[in-house]
Amino acid sequence: MTEKELIDGCRREDRMAQQLLYEKYSPVLFGICRRYVKHHEDAEDVLIDGFFKIFSNIKQYKGSGSFEGWMKRIVVNEALMFLRRRHNFNLTVEINDQLDLHSAAKIEDELAAQDILALLSTLPTGYRTVFNLYVVEGFKHREIAEILDISINTSKSQLILAKKRLQELLKKSRYPGVG
Amino acid sequence: MKHHKDIFDLFRDNQHKLNERPSPEAWRRLERRLDNHRVRHRSAFQQPFGMVAAIVVLAVLVSILAFMLDRSSSRLLAVNGQPIPVENLIQSDVDVEALKVVEFTKQYQEEIAYPIREGSQGRKLIPTATKTKAQLSAKGDLLLQLDWLNGTWQEGNGAKKSVEQWKRVGKNKLEGKGLLLQGEQVLFEENLSIQSVGKDIILKTYTNTDKKATVYNLSQLGYQWVLFENLEVDFPQQIIIQFDGKETLSTLYQNPQLLNMSRYQLEYMQQRNQLVRQRALRQLKKVPSKGE
Chain A
1 MTEKELIDGC
11 RREDRMAQQL
21 LYEKYSPVLF
31 GICRRYVKHH
41 EDAEDVLIDG
51 FFKIFSNIKQ
61 YKGSGSFEGW
71 MKRIVVNEAL
81 MFLRRRHNFN
91 LTVEINDQLD
101 LHSAAKIEDE
111 LAAQDILALL
121 STLPTGYRTV
131 FNLYVVEGFK
141 HREIAEILDI
151 SINTSKSQLI
161 LAKKRLQELL
171 KKSRYPGVG
Chain B
180 MKHHKDIFDL
190 FRDNQHKLNE
200 RPSPEAWRRL
210 ERRLDNHRVR
220 HRSAFQQPFG
230 MVAAIVVLAV
240 LVSILAFMLD
250 RSSSRLLAVN
260 GQPIPVENLI
270 QSDVDVEALK
280 VVEFTKQYQE
290 EIAYPIREGS
300 QGRKLIPTAT
310 KTKAQLSAKG
320 DLLLQLDWLN
330 GTWQEGNGAK
340 KSVEQWKRVG
350 KNKLEGKGLL
360 LQGEQVLFEE
370 NLSIQSVGKD
380 IILKTYTNTD
390 KKATVYNLSQ
400 LGYQWVLFEN
410 LEVDFPQQII
420 IQFDGKETLS
430 TLYQNPQLLN
440 MSRYQLEYMQ
450 QRNQLVRQRA
460 LRQLKKVPSK
470 GE
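Residue numbers (the numbering used here), protein chains in the order written: chain A, 1 to 179; chain B, 180 to 471.
So here's chain B without its partners, still in its complex pose:
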């Protein structure tokens, strides 16, 4: 008997599948916007504050002038031999507020003069989530950073099935294989490896028909995502591999710029799971290993 499902439920139950990590460029654009906002926010704040500072300076000048006049009149009083009346000092709210303004002005001027405080000696800057390849190779923690890749990933239960397998071989190398299967028949096979070569961390891909491997350099590494780039090839110039932290491994093949694609390039993309406007996306689910 066929299960009769309402179309609304069908969409409600499956809409989470649209969850996808945006491109790394999206965060960079957002960050630039946040930086600009911060600068604008500061300069907008600076304008009224400049007026307050000018008033304070004027008040100080007037006070100095008044003090000097007072001193000269005191001298005259002393010459005249008249007693100087004792002044009663009363705490005034106005004075307290004025002091606060002066203090705040001072702090603000210091902040402008020294926008980045160095902190105490021995303190280190903490790296952000994204690391450069230089940091990575220096630390030699490439494989640890990419451990989430290990395992077998696949998608499709019907006639066609995409499979990707990754395993660590040796200290500085991960080996992988991507397959598109129709039953037992292999429609497409791709050999992959991620390894340290000198100072670089590279991704190598080649199929059985390729004369030589295509090499991509690691460009960025974030929390459970990595971006490899080779801007010399036609397509794809960027390969982004990302793990959603649960069960899905997504690999996005794209160019930073849109291009007119040849038939060969289109076929290359269609051999992946999904074709979304000049991007090819392969989404695979983790196959539990025997130990899990």
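Chain A extracted, bound-state conformation:
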């Protein structure tokens, strides 16, 4: 079944098409949820909310841009809404967590999935969210400030602090090549 056929099926609320779409894209969208939300169960809740929104609003997708990109934006928004309900992005938190990376013997330019999660989970929610939006999603500080309702300077400082903290942790965990 092509992507267009899948989308058409979902527009008709065809359950088989919905399930196929879910099977195809849930791993990548769940990966996004896990980057933003610390706990596995919460990440799954965000994924379900995201997919529900995708299926409910699929008629609004005009087919002009990438469908996967459209879905990713919905899931990122859903993750941010989840975080906003629980976190004030204007408050910064000091980091005291200890990190024990699983795969210390990995080569320098590779990070294992559990290491990425372990590293991200040590960052306070604000740092982690700004880091994700800037580094992976590619937003500018001005856009992040609007999205999270914080100042541009807060966004910048949280990114710098996140980077510094991650560098320290990686060096301690024998990833010396990281700059």
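Quick caveat, the hints were computed from the structure, so don't treat them as lab data. Beta carbons: idealized from backbone N, C-alpha and C, even for Gly. Watch out, some of these pointers could steer you wrong.
Claimed, not checked - Label-pair ranges, simulated between beta-carbon atoms:
id : chain 1 : residue 1 : chain 2 : residue 2 : range
1  : B       : L240      : A       : M81       : 48 to 58 angstroms
2  : A       : E13       : B       : V235      : 26 to 36 angstroms
3  : A       : S66       : B       : L240      : 48 to 58 angstroms
Dock chain B against chain A, hints included.
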């Protein structure tokens, strides 16, 4: 010379590794939510429609009354012997719209009365992607459904290496072995098999120290994933094996409910690759066979 890599690039290049299939329960929860939404959507639609239907019924009653009055006045005219003027019929938009409403009401009432249309004789229901074990054993296509398991899978290049091997032996049996190696030394070995026993499809696991094998029953099978369950054991009660369609085989060991784990149970999980909050996950890459 050491390769100096920016931390942003490091995360960007590796973030795809977080891609993971959510638990089968996630789809069931989403499906329930979609079903509820559909029901609510219908009843919300039904409310204004009920009003339209009431107006239509009222209009029909008024028309019948008017018709009867008209007939009695016609009879009076006939008695009086006066000529009846010829009425000019003009097509009216209002009438067309009213007809549409009546037609739509009829269709909607039929839909409520017969929500599931049976279709023509001989038509069959098409099974969804998830199959029950009864369907599977009836079809006898177990091994075909699990062919993606065949081969050697491994992870780790350093001191420790996890290896899993699966191969088909006979018509209804797949045999596997899971190993955790440190150099040449075997730290942990687990024997596995998936086979048909009577009407059941079972997964058997046992280590050299186990007195007897632990048996899990196939509970669900989806597209390139399978769920085995045994709710009588302490841990893991569910084993989910899934293939990402490219190169990664993931095996998730978990309980449907969270539990207070003993040291033994924690060790069991740590012998797998990753420990993520009371779940153990083993992710292995396919080792190309000689023919590939």
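Structure-based check of each hint:
no.	hint	in the structure
1	L240(B) <-> M81(A): 48 to 58 angstroms	holds, 51 angstroms
2	E13(A) <-> V235(B): 26 to 36 angstroms	holds, 28 angstroms
3	S66(A) <-> L240(B): 48 to 58 angstroms	holds, 56 angstroms
In the structure shown, no violation is registered for any of the earlier numbered hints.
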